[in-house]
Structures are given as C-alpha cells and as structure tokens.
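Participant: Order-wise, the sequence lines are chains A and B.
Those letters in the first sequence? Residues 26 to 232, by the working numbering.
Those letters in the second sequence? Residues 8 to 747, by the working numbering.
Bear in mind the hints are in silico, worked out from the structure with no lab data behind them.
Glycine included, C-beta positions come from ideal geometry on N, C-alpha and C.
Among the hints, a few may not be true.
Stated by the list, open to error - Short, incomplete list of chain B residues facing chain A, as computed with Cβ under 8 Å:
no., residue
1, Arg343
2, Gln344
3, Arg345
4, Met350
5, Arg357
6, Phe358
7, Gly609
8, Thr648
9, Gly650
10, Arg653
These are the residues of each chain, in order.
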Amino acid sequence: MKKKKKNYKEEKQRRERERERERDGVDSGEERIEGDQRERSGYLLARAQRRRLLLTHCNYVFIMFFRRCLPDGNLLQTKLHNIGAKLVGVDKFGNKYYEKLGNTQYGRHRWVEYAEKSRYNASQVPAEWHGWLHFITDHTGDEASPILKYYLISCLLMLKPKRYGIEHKENLSGEGDEYIYHSKGHTLNPGQRDWSRYQPWQPTKAE
Amino acid sequence: MGLGLLASRAIRPFNSGSRFLLRTIVSKPELQSPESSAAAADASPEPDLPPRTPVGGARVHFTNPEDAIEVFVDGYPVKIPKGMTVLQACEVAGVDIPRFCYHSRLSIAGNCRMCLVEVEKSPKPVASCAMPALPGMKIKTDTPVAKKAREGVMEFLLMNHPLDCPICDQGGECDLQDQSMAFGSDRGRFTEMKRSVVDKNLGPLVKTVMTRCIQCTRCVRFASEVAGVQDLGILGRGSGEEIGTYVEKLMTSELSGNVIDICPVGALTSKPFAFKARNWELKGTETIDVTDAVGSNIRIDSRGPEVMRILPRLNEDINEEWISDKTRFCYDGLKRQRLNDPMIRGADGRFKVVSWRDALAIVAEVAHQVKPEEIVGIAGKLSDAESMMALKDFLNRMGSNNVWCEGTGTQPNADLRSGYIMNTSISGLEKADVFLLVGTQPRVEAAMVNARINKTVRANNAKVGYIGLETDFNYDCQHLGTGPNTLKEIAEGRHPFFSAISNAKNPVIIVGAGVFEREDKDAIFSVVETIAKKGNVVRPDWNGLNVLLHNAAQAAALDLGLVPESSNSIESAKFVYLMGADDVNLDKLPDDAFIVYQGHHGDRGVYRANVILPASAFSEKEGTYENTEGCAQQTLPAVPTVGDARDDWKTIRALSEVAGVRLPYDTLGGIRSRMRTVAPNLLQVDEREPATFGHSLKPEVAQKLNPAPFKSAVENFYMTDAITRASKIMAQCSASLLKK
Numbered sequence: 026m027k028k029k030k031k032n033y034k035e036e037k038q039r040r041e042r043e044r045e046r047e048r049d050g051v052d053s054g055e056e057r058i059e060g061d062q063r064e065r066s067g068y069l070l071a072r073a074q075r076r077r078l079l080l081t082h083c084n085y086v087f088i089m090f091f092r093r094c095l096p097d098g099n100l101l102q103t104k105l106h107n108i109g110a111k112l113v114g115v116d117k118f119g120n121k122y123y124e125k126l127g128n129t130q131y132g133r134h135r136w137v138e139y140a141e142k143s144r145y146n147a148s149q150v151p152a153e154w155h156g157w158l159h160f161i162t163d164h165t166g167d168e169a170s171p172i173l174k175y176y177l178i179s180c181l182l183m184l185k186p187k188r189y190g191i192e193h194k195e196n197l198s199g200e201g202d203e204y205i206y207h208s209k210g211h212t213l214n215p216g217q218r219d220w221s222r223y224q225p226w227q228p229t230k231a232e
Numbered sequence: 008m009g010l011g012l013l014a015s016r017a018i019r020p021f022n023s024g025s026r027f028l029l030r031t032i033v034s035k036p037e038l039q040s041p042e043s044s045a046a047a048a049d050a051s052p053e054p055d056l057p058p059r060t061p062v063g064g065a066r067v068h069f070t071n072p073e074d075a076i077e078v079f080v081d082g083y084p085v086k087i088p089k090g091m092t093v094l095q096a097c098e099v100a101g102v103d104i105p106r107f108c109y110h111s112r113l114s115i116a117g118n119c120r121m122c123l124v125e126v127e128k129s130p131k132p133v134a135s136c137a138m139p140a141l142p143g144m145k146i147k148t149d150t151p152v153a154k155k156a157r158e159g160v161m162e163f164l165l166m167n168h169p170l171d172c173p174i175c176d177q178g179g180e181c182d183l184q185d186q187s188m189a190f191g192s193d194r195g196r197f198t199e200m201k202r203s204v205v206d207k208n209l210g211p212l213v214k215t216v217m218t219r220c221i222q223c224t225r226c227v228r229f230a231s232e233v234a235g236v237q238d239l240g241i242l243g244r245g246s247g248e249e250i251g252t253y254v255e256k257l258m259t260s261e262l263s264g265n266v267i268d269i270c271p272v273g274a275l276t277s278k279p280f281a282f283k284a285r286n287w288e289l290k291g292t293e294t295i296d297v298t299d300a301v302g303s304n305i306r307i308d309s310r311g312p313e314v315m316r317i318l319p320r321l322n323e324d325i326n327e328e329w330i331s332d333k334t335r336f337c338y339d340g341l342k343r344q345r346l347n348d349p350m351i352r353g354a355d356g357r358f359k360v361v362s363w364r365d366a367l368a369i370v371a372e373v374a375h376q377v378k379p380e381e382i383v384g385i386a387g388k389l390s391d392a393e394s395m396m397a398l399k400d401f402l403n404r405m406g407s408n409n410v411w412c413e414g415t416g417t418q419p420n421a422d423l424r425s426g427y428i429m430n431t432s433i434s435g436l437e438k439a440d441v442f443l444l445v446g447t448q449p450r451v452e453a454a455m456v457n458a459r460i461n462k463t464v465r466a467n468n469a470k471v472g473y474i475g476l477e478t479d480f481n482y483d484c485q486h487l488g489t490g491p492n493t494l495k496e497i498a499e500g501r502h503p504f505f506s507a508i509s510n511a512k513n514p515v516i517i518v519g520a521g522v523f524e525r526e527d528k529d530a531i532f533s534v535v536e537t538i539a540k541k542g543n544v545v546r547p548d549w550n551g552l553n554v555l556l557h558n559a560a561q562a563a564a565l566d567l568g569l570v571p572e573s574s575n576s577i578e579s580a581k582f583v584y585l586m587g588a589d590d591v592n593l594d595k596l597p598d599d600a601f602i603v604y605q606g607h608h609g610d611r612g613v614y615r616a617n618v619i620l621p622a623s624a625f626s627e628k629e630g631t632y633e634n635t636e637g638c639a640q641q642t643l644p645a646v647p648t649v650g651d652a653r654d655d656w657k658t659i660r661a662l663s664e665v666a667g668v669r670l671p672y673d674t675l676g677g678i679r680s681r682m683r684t685v686a687p688n689l690l691q692v693d694e695r696e697p698a699t700f701g702h703s704l705k706p707e708v709a710q711k712l713n714p715a716p717f718k719s720a721v722e723n724f725y726m727t728d729a730i731t732r733a734s735k736i737m738a739q740c741s742a743s744l745l746k747k
C-alpha cells in the first residue's frame with residue numbers, strides 16, 4: 026500500500042517536473058531557437074510524442090471511466106455531476122461520497138457514487154455514512170466528531186460498539202434463494218432454533 | 008367553575024349516605040399513639056360483625072365438648088378447644104396472622120416475633136404462636152399497637168436481609184416479600200453495613216444463600232422432627248447466628264427438598280430449579296406422583312412443553328404436605344432419553360424409525376404367528392390402571408392369559424385384597440404404638456410412609472422392630488434379625504418382641520413387597536398371619552396387618568387381576584409385550600422371542616426389543632393409579648406428549664384393531680366402565696377403599712420357610728424406575744449422597 030503511494034507520488038512529481046519543463050520550453054523558446062536548431066527540433070519531436078502519449082492515456086482513462094456510462098444513464102449523470110464537486114470521503118467498500126455546495130439545489134447537494142457499478146442499491150451505504158448522506162448529520166463517516174475529538178476518539182466509525190455491532194451487509198434480496206432472509210424460527214433458516222424441550226433416545230448409542 | 012364540580016355539588020345533598028364510602032383515609036395524631044387509640048377502641052361499642060370463614064378452611068375438632076373455650080378475636084366470639092394457641096384461635100376466627108417461624112406441622116419456636124397481637128389486660132403485645140388461648144381472652148389483631156409492633160419486627164428483619172428480590176428464586180412466593188408489603192416501611196433508617204453469611208453446601212438439591220436467612224429455624228425443626236436427621240442446627244448468637252451443619256456435611260435425608268418449601272425466604276431454594284423460571288410463569292397441574300407406591304399428591308409446574316418443577320400438594324391422608332426428594336427432583340428425567348418415534352429393529356440389529364401403521368402391522372402379524380400360550384404381557388411399574396386393563400383384555404382376546412405387572416412376583420396372591428394393601432392406611436399408622444417391619448426398609452421403599460412412622464415414634468413413643476438386612480433408620484429401631492427364622496420365633500412366642508406386640512394397644516405389622524419375589528412367600532405370609540392372630544393385630548376396630556408395595560402400578564394391577572396363568576411362562580414365550588417393564592428378568596427368555604417394548608424411556612427394556620412403541624409418561628396422560636393403601640387417584644396431563652408418542656391404552660386399542668380382535672372401548676370413559684366391572688374401587692377416586700375380607704379366608708399353606716435373609720428391595724433410593732434412571736439430578740444424588 027505504502028509502496029504504491031510512493032510510486033504515485035513519484036509519478037506525480039515526475040509529471041510536474043515535465044510540465045514545468047514544458048512550460049519553460051514554451052516560454053524560453055526564442056532563446057533556444059537561437060541556439061542549437063537540431064537540439065530544438067529533437068525536443069519538439071519528443072514533446073509531440075509525449076503529447077500524443079498523454080492523449081492516448083487520457084483517451085484510455087476516459088473510456089475506462091465512461092464505458093460503464095453507456096448503458097447506464099444514471100451513472101453518467103452521477104459522473105457529470107461529480108465534475109466540480111468535492112469528494113468528501115470514501116468508505117471501506119469504496120463508495121465515494123460527493124458534496125457540492127454552490128450551484129446545486131439544496132437537498133441534492135450530497136450524493137454517492139457506488140463502488141459497485143453494475144448492481145448498486147441504497148443498502149450498500151454503511152450505517153456510518155448513512156447519516157451524512159441523508160442530511161441527518163454533518164459528520165462524515167470517517168470524520169472525528171468535534172465533541173469526541175477532544176477525547177481522541179475518531180467518531181462514528183469508532184462509536185460502533187465492537188461487542189455487538191455487526192459488519193454492514195447490503196440487502197441481497199432477489200440475488201438468489203440462498204440470500205432470502207428467514208427469521209430465527211423459520212423452517213428454512215439454517216440456524217433454526219430447536220424448540221423441542223426433550224432429548225430423544227438415540228438407538229445407535231445402545232448398540 | 009367546571010361542569011363536573013357543578014354536577015358533584017348538585018348531587019351531594021341527595022347522596023348523603025355515600026359519604027361513608029367516600030371517606031378519605033386520614034391519620035390523626037391520636038391514632039399515632041397506641042394508648043389513646045386503645046382507649047378510643049374501648050369506648051366504641053362492640054361492632055356486630057358478620058361471621059367470618061376460617062383461614063385456609065381451618066377445621067375445629069372438639070374431642071371433648073366440655074373442653075371448648077370461648078375467646079374474642081377482634082370482638083368476634085369464637086369457640087375453640089382448650090390448648091389451642093392464640094394464633095390458631097385467630098385462624099379459626101378467619102384472621103390470618105403474619106408469621107415466619109410458626110409452622111403448623113413443626114414445634115413452636117416463637118423466635119420471629121412477627122405474629123405479635125394485642126391482648127387485653129396484657130402489658131405488652133404477645134407472640135400469638137406461642138401463647139395458649141385462655142377462656143374469655145380478648146385478642147385484637149388489627150390495632151395500632153399490634154401493627155406498630157409488627158412494623159418494628161419487620162424493620163429489624165429487613166435490616167440484615169439483602170435487597171436482591173429481583174435475582175432471588177423465591178421472589179413472587181416469598182413470605183417476607185409479601186408481608187413487607189403490609190408491614191414494611193417505605194424508607195430505611197439503617198445506615199450501617201448489612202451482615203453477610205457464608206453459604207453452606209447442603210448437597211445437590213438444596214441451594215443456600217444464607218445471607219437471606221432470617222433465622223426462623225423452620226428448616227432446623229423440620230430436619231430433626233420430620234426428616235429425623237440431626238443435620239441442621241444453629242451456630243452463634245445475636246447477629247452472628249447462623250444456620251448450618253456445624254462441620255461441612257451434606258444433608259443426607261430423603262425429605263431434604265421440603266426445606267425449600269418451608270423456608271419463608273430465599274435462603275434455601277431448589278438447586279436444579281435455580282434461575283430456570285419465575286413462579287408466575289408456570290402453569291400448575293394437580294396430579295399424582297408415581298415414583299413410589301405412596302401416590303403423593305403433587306403439583307407439576309410447567310412452562311410450555313417442559314416440566315419445570317414439582318411441588319407437594321396437601322393431602323392429610325397420604326403425604327401431608329411433604330414429598331420425597333425422588334418425587335420432587337425426578338422431573339428432569341422426563342426430558343431425557345425419551346422414545347418419540349415407533350422403531351423396528353432391522354436385520355442388521357439397528358433400529359429404524361417407521362410409521363405407526365407399519366409398526367402396528369408387524370406387531371399384529373407376529374402376534375398371530377405364535378401360539379396363544381406363547382404370548383406374554385408384562386406391565387411396567389409406572390403403568391396406569393387403564394392401560395393394564397387394555398393390555399389384559401387384548402392378551403385375553405389373543406388367547407393368552409400370561410399377563411402380570413413387574414414386582415408382584417410370578418404367583419401373586421390377588422384373591423384377597425387385604426393381602427396386598429396397607430390395611431391400616433397411611434394416616435392410620437399414627438395411632439399405632441408398636442411396629443414390626445418384616446423385610447421392608449420404608450425409608451427407601453416409601454419415604455412418606457417412613458415419615459409417618461417417624462412422626463408416630465416421636466409422638467407416641469412407639470416401639471419399632473425390624474427384621475431384614477442391616478439398614479439405617481431415622482428413628483429408634485430394634486433390629487430383631489435378618490431372616491424368616493426370627494419371624495418364626497416371634498410367631499411361636501419365643502422372642503421378647505412378641506410380648507411387645509401382644510401388649511400393644513394398636514400393633515402394626517408391615518411386610519415389604521420384596522417378599523413377593525421369594526419362593527416361600529406364602530409360608531412367610533402364613534407366619535405373619537399367625538403373629539397377627541396371636542398378637543391380636545387384626546380386630547374389628549383395628550387392622551394392623553399391612554403390605555407395603557413398591558411401585559405405583561402394583562396395587563391396581565392386582566386389583567385388575569393381572570396374574571400370570573403359569574409361573575414359568577417366560578421360559579416358553581415367543582412374543583413378549585413389555586408395557587414399560589424395565590426391571591423384569593428376561594434372562595430365561597428364548598433367544599428367538601419377539602419383544603415389543605412400549606414405553607416412554609429408552610431404558611433397560613429396549614435393549615432386547617424388536618419393536619419400540621413410544622408412550623406418554625405420567626406427566627402427559629390421564630390415568631388412574633392406586634396407592635399402597637388402596638386409594639385410587641388420577642393423574643392429569645401437565646405437558647404435551649413428546650414426538651409421536653401416544654397413551655399406552657390407545658396404542659393397545661389400535662393394535663387390537665390391526666390384529667383383528669378389536670377392543671370394545673374407544674374413550675377413557677369406555678375403558679373406565681370396563682374397569683368398573685373388574686375393580687369398581689378404581690373409580691372411587693381420592694377415596695380409600697378398605698379391603699372387604701380379612702386374612703382368615705386364606706387357605707392353609709404347606710410351604711416350608713427358607714431361612715435365607717430378606718433382601719433389600721431397593722438398592723438405590725434415587726434410581727428405581729425409567730424416569731429416575733434417566734434423571735441427571737438423581738444420578739448426582741446417588742453419586743454424592745449414597746457414597747459410603
């Protein structure tokens with residue numbers, strides 16, 4: 026994980042350096058022309074190549090990002106909506122939470138882009154983010170609560186009682202018979218409680 | 008002004024009579040001080056009170072009408088016999104006096120002081136349980152003096168009593184809890200530390216939380232007076248007073264469970280029942296115990312399909328208000344090792360679950376393949392009379408008459424009813440002054456009968472002689488000998504105990520049912536009858552010749568005539584129908600015999616069975632049982648049957664139809680009317696039917712006495728039948744209490 030981040034940072038730094046150099050190149054072009062022409066042409070060629078490469082990369086990224094949008098207008102709208110919005114956080118399932126305060130209808134200024142791109146539904150939002158997403162609270166799921174920050178408790182996520190708070194599970198209705206919920210006493214519940222209050226005699230024991 | 012107020016003002020003048028009813032309860036300063044209020048009470052004229060009904064149906068029995076005295080309870084005159092206490096007089100007058108230490112069946116201790124009442128011309132309130140009532144006594148039970156005195160006592164009792172009612176098993180049926188509602192203060196003045204006491208280990212049945220104890224000493228008195236064991240006692244004085252066993256020791260009494268009932272607080276509670284249920288969740292069913300032949304009256308407390316506990320029910324003639332530990336704690340055996348499906352043993356020797364239809368078809372087919380005289384039916388010790396009737400009728404219709412009940416021996420004498428029941432009756436034993444126990448150990452065979460003998464020994468100084476193997480008694484007992492030779496000596500008048508019998512006013516001879524299994528039983532009975540004749544044991548006004556049976560089914564089986572035709576029928580049997588019979592000796596049975604076991608527990612009987620038919624236990628069926636004194640009683644179903652089990656008689660009735668010899672009854676009423684033609688006394692429920700003919704009708708016997716000593720019939724008091732053998736609690740008891 027750390028290594029990846031490092032790589033990412035390095036890449037970023039490298040790109041910035043390149044961009045700077047590019048800018049420098051454009052700015053100080055006059056001087057260079059005066060200098061070695063050959064060197065200059067080589068430089069331009071390299072720049073063009075790099076630009077093409079960047080374009081292909083962008084193209085690739087664009088396709089990767091918006092390919093899913095082709096059959097799913099909803100996702101497309103979300104993606105377009107995301108432009109200019111603030112990414113507030115990402116939960117442990119990878120759902121991204123966005124907020125845009127200006128230029129949006131109040132009440133529609135928080136939304137989620139689900140990590141699951143094909144079969145997403147509202148039950149995939151975990152409890153700690155539910156409050157933020159539905160304007161119940163302004164504290165995000167991974168944010169430290171201002172009151173509890175004092176006690177260095179990092180908040181809603183941490184507030185979940187470890188002893189009996191269970192992991193969030195999305196609603197799997199309609200995903201197959203094995204996911205149908207059956208109550209504790211239901212015959213089809215595999216962990217059905219045994220209500221018989223006697224032990225039958227086991228004939229095999231006797232043998 | 009509101010409409011309601013207007014209306015009430017308008018109504019008030021017309022309704023002047025109701026002012027009395029609407030009177031508010033106020034406390035005036037003159038009522039606060041006892042002296043002035045007593046004076047006020049004196050001044051008021053005697054109210055004309057309506058007659059009240061005595062508490063709990065208390066009866067007054069005047070042995071001598073001249074001994075009657077009159078006392079006044081709250082101004083109401085009541086006639087009581089001399090020697091009654093003030094508390095008893097109040098009970099007759101219909102006033103229930105709060106009490107903790109007083110118990111009508113135990114000696115009077117007078118140490119809790121809760122029963123204080125005011126008596127006129129007495130300087131202080133008196134403890135009514137210990138004060139004899141005197142003629143003309145004016146007793147006041149609800150005056151401020153009495154109330155204040157009880158409130159003071161209650162405050163002192165609650166001082167050292169923990170406030171743990173929510174986690175206490177006695178909660179809801181606790182005397183202290185109930186009475187503190189009436190006499191407890193709403194606030195405490197006690198600021199010091201509460202006393203705490205170390206819990207005692209009294210064995211696997213009684214749980215102790217001794218901090219809750221209020222030192223009423225009921226358990227101590229019960230142990231020494233009723234149970235006859237000197238295990239419990241008081242140690243220390245004042246706030247250091249503790250109930251205990253002096254040294255670490257278990258309570259080794261077969262009646263120890265009763266201390267749970269008599270404890271007014273939660274100091275002694277049931278260990279197996281601890282934290283299992285709350286008493287208000289339970290459904291009580293008044294029924295009969297079947298673990299021994301006494302037929303103790305019990306209440307089965309159940310929750311849903313589960314028996315949660317068993318409590319005694321008052322029956323003065325049989326068990327008073329006690330029951331034995333086996334009766335009280337056998338209930339967990341009802342939940343273990345149950346047979347819940349019909350099963351057939353396959354060719355590989357393994358049992359396979361089948362439907363009732365298949366099981367009955369196979370049994371009927373095999374029953375028709377064998378010769379009629381090769382069919383044998385044996386009823387178990389827990390069978391009810393209805394099922395035994397059905398079994399006998401079924402076998403008779405199949406052409407066989409080899410049917411008997413286990414424990415009655417191969418040649419039982421069912422002709423004379425006086426030859427197998429307790430002719431004196433259990434409550435009649437209290438009049439006796441000499442006991443001769445022949446081959447019986449009542450302490451393990453019938454604990455409630457033993458408690459009755461103990462009571463008699465204590466009250467009348469009755470003499471007890473015992474013939475049999477060395478055993479413990481919880482009262483003074485003379486061990487006369489071990490075998491029939493001693494009996495013969497007594498019969499011939501050579502033994503010193505013979506003079507004790509012949510000089511006694513009401514002698515009693517009790518013969519154990521273990522004698523039935525002996526070869527020379529007729530000879531023994533004839534010797535016993537000789538003693539009875541010479542010692543004047545059987546008179547028109549007194550019948551002291553008794554047989555103490557062991558099993559709940561025995562008396563009814565003999566009444567219904569379950570007697571085998573030939574004594575060695577088991578050696579030639581090809582088809583054996585065991586109706587819950589587990590203790591019958593099947594060693595001599597041929598290997599190719601087909602055995603049907605019909606019962607409720609997978610006990611000894613199933614191991615050789617070819618077909619298992621599940622049946623219901625006594626807590627699940629309605630059935631008639633006759634106890635050892637000849638009193639027919641009925642059980643009632645407390646819980647549903649388990650699995651596919653059916654009542655015994657229903658199975659036999661269904662089988663008879665499959666076998667083509669249909670029995671002519673379809674209902675319990677039908678089977679009872681059939682029983683009426685055989686043994687009408689079994690339908691006289693809750694009434695003891697004495698034997699009509701005495702022993703004098705018996706023919707002479709030419710048997711010789713076998714000098715072998717009498718064997719002990721019950722090896723382990725806690726495990727005698729299928730239910731108790733399946734019980735874990737009983738297993739614990741026999742492991743810890745019977746270890747020598």
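Participant: It remains to establish, for every hint, whether it holds in the given structure.
Facilitator: A quick look at each hint next to the structure:
| no. | hint | result |
| --- | --- | --- |
| 1 | Arg343 | holds (5 Å) |
| 2 | Gln344 | holds (5 Å) |
| 3 | Arg345 | holds (5 Å) |
| 4 | Met350 | holds (6 Å) |
| 5 | Arg357 | holds (7 Å) |
| 6 | Phe358 | holds (4 Å) |
| 7 | Gly609 | holds (3 Å) |
| 8 | Thr648 | violated (10 Å) |
| 9 | Gly650 | holds (7 Å) |
| 10 | Arg653 | violated (16 Å) |
Hint check: violations occur at hints 8 and 10; the rest are consistent with the structure.
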